[in-house]
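Student: Residues per chain, in single letters:
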Amino acid sequence: MKRIYFICSLLVGVCGSIFCQTDVPDVTATFALTNANVVVKPGTTLENATIIIKDGYIQQVGSNLSIPFDAEVIAADSMFVYAGFIAGLSHIGLEKEEEEKGQNNENVKRYDPPPAAAGITPDVSVGEKLNPKQKTVEGYRNVGFTLAHVVPKGRMMAGKGSLVFLGGDSPEEMLLLQDMSLYGSLLASRGRVYPSTTIGVMSKWREMYKQAELAAQHEKKFMANPAGTKRPTFDKTIKSLYDVTAKSIPVFFHTSKTLDLSRAMTLQQELGFDMVAANAKQAYKLADRLKQKNVPVVISLDLPKEAKDNKKKEDDKKENEMKDDKMKEDTETEALKARANKSKKEYESQAAQLEKNGIAFSFSVTETKAGDVKKNIMRMIKSGLSEDAALAALTTNPAKVLGLQQVAGTIEKGRFANLIVTDTTYFKEDANIRYVFVDGKKYELEKKEKKKKKEGDPDAIVDLAGTWSLIISADGMDIEGTINMEKSGDEYTGSMTTDMSDETEFDSVEVDGSNVTIKMTAEMNGGQAPIVVDLIVDEDEFEGSVNIANGMMTADVSGSKDPN
Amino acid sequence: MKNYIATICLVLMGLFSSAQTGDVLIKNGTVITITDGVKEDTDVLIRNGKIKQIGEGLSVGEDVKVIDANGMYVMPGIIDAHSHAGIDVVNEATAPVTAEVFVGDAINPYSVSIYRALAGGVTVSHAMHGSANAIGGQCETMKHHYGEEDPTTYQMKDAPRTIKFALGENPMRVHGEGNGIQPKTRMGIEQVFRKAFAEGREYQHAWKKYNSGNTDIAPEYNLRKQTLADILNGDIIIHCHSYRADEILMLMDVLEDYGVNQICFQHVNEGFKVAPELAEFGATASVFADWWAYKFEVYYSTAYNAAILTKNGVVTSINSDSGELIRHLYHEAGKTQKYGDLTDNEALRLITLNPAIQLGINDRVGSLEVGKDGDVAVFKNHPLSIYAVPQYTIVDGIVRFDINKDPADMRLDINPDETFPAFHELDAHDEHRCMEGVYEFLFHQH
Numbered sequence: 007m008k009r010i011y012f013i014c015s016l017l018v019g020v021c022g023s024i025f026c027q028t029d030v031p032d033v034t035a036t037f038a039l040t041n042a043n044v045v046v047k048p049g050t051t052l053e054n055a056t057i058i059i060k061d062g063y064i065q066q067v068g069s070n071l072s073i074p075f076d077a078e079v080i081a082a083d084s085m086f087v088y089a090g091f092i093a094g095l096s097h098i099g100l101e102k103e104e105e106e107k108g109q110n111n112e113n114v115k116r117y118d119p120p121p122a123a124a125g126i127t128p129d130v131s132v133g134e135k136l137n138p139k140q141k142t143v144e145g146y147r148n149v150g151f152t153l154a155h156v157v158p159k160g161r162m163m164a165g166k167g168s169l170v171f172l173g174g175d176s177p178e179e180m181l182l183l184q185d186m187s188l189y190g191s192l193l194a195s196r197g198r199v200y201p202s203t204t205i206g207v208m209s210k211w212r213e214m215y216k217q218a219e220l221a222a223q224h225e226k227k228f229m230a231n232p233a234g235t236k237r238p239t240f241d242k243t244i245k246s247l248y249d250v251t252a253k254s255i256p257v258f259f260h261t262s263k264t265l266d267l268s269r270a271m272t273l274q275q276e277l278g279f280d281m282v283a284a285n286a287k288q289a290y291k292l293a294d295r296l297k298q299k300n301v302p303v304v305i306s307l308d309l310p311k312e313a314k315d316n317k318k319k320e321d322d323k324k325e326n327e328m329k330d331d332k333m334k335e336d337t338e339t340e341a342l343k344a345r346a347n348k349s350k351k352e353y354e355s356q357a358a359q360l361e362k363n364g365i366a367f368s369f370s371v372t373e374t375k376a377g378d379v380k381k382n383i384m385r386m387i388k389s390g391l392s393e394d395a396a397l398a399a400l401t402t403n404p405a406k407v408l409g410l411q412q413v414a415g416t417i418e419k420g421r422f423a424n425l426i427v428t429d430t431t432y433f434k435e436d437a438n439i440r441y442v443f444v445d446g447k448k449y450e451l452e453k454k455e456k457k458k459k460k461e462g463d464p465d466a467i468v469d470l471a472g473t474w475s476l477i478i479s480a481d482g483m484d485i486e487g488t489i490n491m492e493k494s495g496d497e498y499t500g501s502m503t504t505d506m507s508d509e510t511e512f513d514s515v516e517v518d519g520s521n522v523t524i525k526m527t528a529e530m531n532g533g534q535a536p537i538v539v540d541l542i543v544d545e546d547e548f549e550g551s552v553n554i555a556n557g558m559m560t561a562d563v564s565g566s567k568d569p570n
Numbered sequence: 464m465k466n467y468i469a470t471i472c473l474v475l476m477g478l479f480s481s482a483q484t485g486d487v488l489i490k491n492g493t494v495i496t497i498t499d500g501v502k503e504d505t506d507v508l509i510r511n512g513k514i515k516q517i518g519e520g521l522s523v524g525e526d527v528k529v530i531d532a533n534g535m536y537v538m539p540g541i542i543d544a545h546s547h548a549g550i551d552v553v554n555e556a557t558a559p560v561t562a563e564v565f566v567g568d569a570i571n572p573y574s575v576s577i578y579r580a581l582a583g584g585v586t587v588s589h590a591m592h593g594s595a596n597a598i599g600g601q602c603e604t605m606k607h608h609y610g611e612e613d614p615t616t617y618q619m620k621d622a623p624r625t626i627k628f629a630l631g632e633n634p635m636r637v638h639g640e641g642n643g644i645q646p647k648t649r650m651g652i653e654q655v656f657r658k659a660f661a662e663g664r665e666y667q668h669a670w671k672k673y674n675s676g677n678t679d680i681a682p683e684y685n686l687r688k689q690t691l692a693d694i695l696n697g698d699i700i701i702h703c704h705s706y707r708a709d710e711i712l713m714l715m716d717v718l719e720d721y722g723v724n725q726i727c728f729q730h731v732n733e734g735f736k737v738a739p740e741l742a743e744f745g746a747t748a749s750v751f752a753d754w755w756a757y758k759f760e761v762y763y764s765t766a767y768n769a770a771i772l773t774k775n776g777v778v779t780s781i782n783s784d785s786g787e788l789i790r791h792l793y794h795e796a797g798k799t800q801k802y803g804d805l806t807d808n809e810a811l812r813l814i815t816l817n818p819a820i821q822l823g824i825n826d827r828v829g830s831l832e833v834g835k836d837g838d839v840a841v842f843k844n845h846p847l848s849i850y851a852v853p854q855y856t857i858v859d860g861i862v863r864f865d866i867n868k869d870p871a872d873m874r875l876d877i878n879p880d881e882t883f884p885a886f887h888e889l890d891a892h893d894e895h896r897c898m899e900g901v902y903e904f905l906f907h908q909h
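Protein sequences appear in the order of chains A and B.
Take the first sequence: its letters are residues 7 to 570, numbered as in our numbering.
Take the second sequence: its letters are residues 464 to 909, numbered as in our numbering.
Don't take every hint at face value.
Keeping only pairs whose Cα atoms sit at most 25 Å apart, straight-line, the calculated PhoX-like set for lysine-lysine is [said to hold, decoys possible]:
(1) A/K216 <-> B/K671
(2) B/K868 <-> A/K236
(3) A/K227 <-> B/K798
(4) B/K798 <-> B/K736
(5) A/K343 <-> B/K798
(6) A/K299 <-> B/K620
(7) A/K348 <-> B/K868
(8) A/K253 <-> A/K159
(9) A/K115 <-> B/K658
(10) B/K620 <-> A/K297
Some chain A residues well away from chain B (every beta-carbon gap over 10 Å; in silico) [stated by the list, open to error]:
(11) N43
(12) L52
(13) P138
(14) V199
(15) S202
(16) T203
(17) G206
(18) Q217
(19) K236
(20) I255
(21) T272
(22) A346
(23) G377
(24) D463
(25) N521
Calculated directly from the structure, the hints in this document are not laboratory data.
Given the structure is predicted, the values throughout are model-derived calculations rather than measurements.
Glycine included, each C-beta is placed from N, C-alpha and C at the ideal position.
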């Protein structure tokens, strides 16, 4: 049985690769989208207009256009066309392995580690690491993104970012502009090597910046007059900062919380580099300072979990029933909950607050799954963000920050043919994206079925054996880990390892159809704490929750089986 | 030239982060000035954050907040010369010398510890780097503007720079035992200092040569050595974690060799043994009232330490080094009357003017004088009484603590994804934080 399944999957693989090959050239590179509502830019819509695309560019926009003979005509009656979305910051197209550098620092001198071990890799270029087949490329394209600013994953100085089309068959085809930014942060090294704290990282920024300034001067002197001038020493790390100190590229600084932002701005103020506040979640708190220093903002599309009152009434009902059973919660807990909910609302209203303050912003999707993009934009709109400002954050604003305003962000003659076509206005909850054009290439999307929340199926047969990668999301932090499952007879045994914990053996694994319950015990604060993981497994994926110490902490978990 | 640039920088920094100041009139209190005796039924008027007038029957317009201090005691805001409250990071423990790091970069305005300190009458604290390294990081003299969310507004801008040094077991354990590098012994620590100062001096000379046009290419920039050069230059006051008398003498010898004279010894539990030597050197001392024997090198001490140091002419303060003690430093100061018979004024100086001197800010705070900052603590009952209870704490003319308006939840930044029932670990700020961040380090070593 297993063998047959294996052969089947092999066949699917072979067939898939035959039909998906793009060796066959596209029939035409000319398209006409006719009779559409064309949202030229936020606030400007042309009705019953036609867009003609040729060889990757928008050739014409207007009415009464003559359709070229070789055009594939898409009757877009009653549909809406928008400029393709641009991600202000992302890790799209990068493999997972790229995530963390310098974790294995056992043999390194802690007080003087090599730069890479300390998370200092400004010489890393993201361009070489792009994988057009990586599932995020298609995933974010399917929700409307056509261009992305892709930065490497990493810590203090992760490396250089590039501008990338979300389409194409090779990294070269995807790349629009390489090494046009530095992605930096105040994240300390992972392996407890210098700099191991925020204060160490801030000092290191100061020192390296000054070193790069002086080294660039030295090099210039040497080039002008090499005879008798002391030879500059070659340091690839320092050298790769010359573009930053010369202010020819900006630093996209990871500034999630208020304190990160304030600290990064302190560095910017002292050193003078061009800064973009990236992944901001609380930028509204420092709106004045941002405005004063004219720092562009890329806000995180990640949001806290929705407050209870936004959820379905059913949940409330359930909770009320539970309350009747239990004791009524004390007023102190109620007050704490109210404050947490208020805080959620503040995070949701960041975008609206920035709009009110006249601060232009775009979106980062480094911490947001493609599937949550629309949902979270709608939450921001519910909290007061205007649709026009939301659209600007997806199109014209990132184009400006990334230096693309001549070629992207609006639907005008001469712009890249990066477009999305929706069946109704994008900002309606049930709008579907029907087509995405990237660099003049058409991608047609299936009309998506309403996805129901997964429920356990007691009759399902699941195969847990193997290695699973998982992400536990707790307190706005993602913890990565792996589960190893072995099957002997009908019983499963296994263990879990995460970024935050060593390998822990399971006490028990119960399987009921697709419902799986894993129990284990972990050392916590000198005591033993029970951990219960409830999962619903759907073939090679699972979703569920983790409950630590009888409800002391709960977290969501999702994961997928690693291919062998 | 350098000074000129520094001045411009200071002016620029001032533009971006002006801490708020306010006006307040405190009426009819018993005013303990520290420098000019105790004045009954006296008013203190603060305007734009500065003390404008001290006298009887002062009046102001209706726009100024008035505090009726009738029957209460009005004293200068308490100053803690050794604290780790209000900062995210205490130790960059990876190297024996990390002079370049600066805890002012890690100010955390969301730390409720700052509010708790205010509730104990403390208006200024010296947020210090930890004692994991022989030469640790630079410290921050912080004004307790709790309620502000911009960390830069907590920095006391024109306070002199200070830096943490550490003697004895902590740096030996972290680096010698932990990493197998110098310093493994107390002798090793002396050599770490000497080597660091020698490097600083060399660096200073190299830059002098470049700046005077004698060399064409700038020396390699090194922020650590630059900071050491700044110490040699007298720009930074040293605050040194210390216990044993022999080591205290050792460091004074080293400093004498390198012409450095600004030092405050912290903890200095055996300071009473070398009080005359400290006084002669001009060193100051910041001590616990009655806390010792928590490890071997601090086995010997006495609750008379502060009094003995004071009587020998050493400028002495009593510090907290703890989020708990910082809430009742007035009580800690009172212990010197039981152990050492200090006068009221001598005892209160230990938590006001003396720590201000040690931090180089006595021209601005530490006593109630016209022209000084409007930092005031108002007490019910005499602050040295066991029944003392802080009522109002005022920083730069703004009431930051008012016992009548003291809600249960004073947090400023709430985790939106907080889960309930909330699981709060023991607040790290309540613990002794000198070695924070180091334990994890050690565990992974053995």
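Student: Indicate, hint by hint, whether the structure satisfies it.
Tutor: Okay, the hints, checked on the actual structure:
| no. | hint | in the structure |
| --- | --- | --- |
| 1 | A/K216 <-> B/K671 | holds (17 Å) |
| 2 | B/K868 <-> A/K236 | violated (67 Å) |
| 3 | A/K227 <-> B/K798 | violated (65 Å) |
| 4 | B/K798 <-> B/K736 | holds (20 Å) |
| 5 | A/K343 <-> B/K798 | violated (42 Å) |
| 6 | A/K299 <-> B/K620 | holds (20 Å) |
| 7 | A/K348 <-> B/K868 | holds (22 Å) |
| 8 | A/K253 <-> A/K159 | holds (22 Å) |
| 9 | A/K115 <-> B/K658 | holds (19 Å) |
| 10 | B/K620 <-> A/K297 | holds (23 Å) |
| 11 | N43 | holds (37 Å) |
| 12 | L52 | holds (41 Å) |
| 13 | P138 | holds (35 Å) |
| 14 | V199 | violated (6 Å) |
| 15 | S202 | violated (5 Å) |
| 16 | T203 | violated (4 Å) |
| 17 | G206 | violated (4 Å) |
| 18 | Q217 | violated (5 Å) |
| 19 | K236 | violated (5 Å) |
| 20 | I255 | holds (21 Å) |
| 21 | T272 | violated (7 Å) |
| 22 | A346 | violated (5 Å) |
| 23 | G377 | holds (19 Å) |
| 24 | D463 | holds (29 Å) |
| 25 | N521 | holds (23 Å) |
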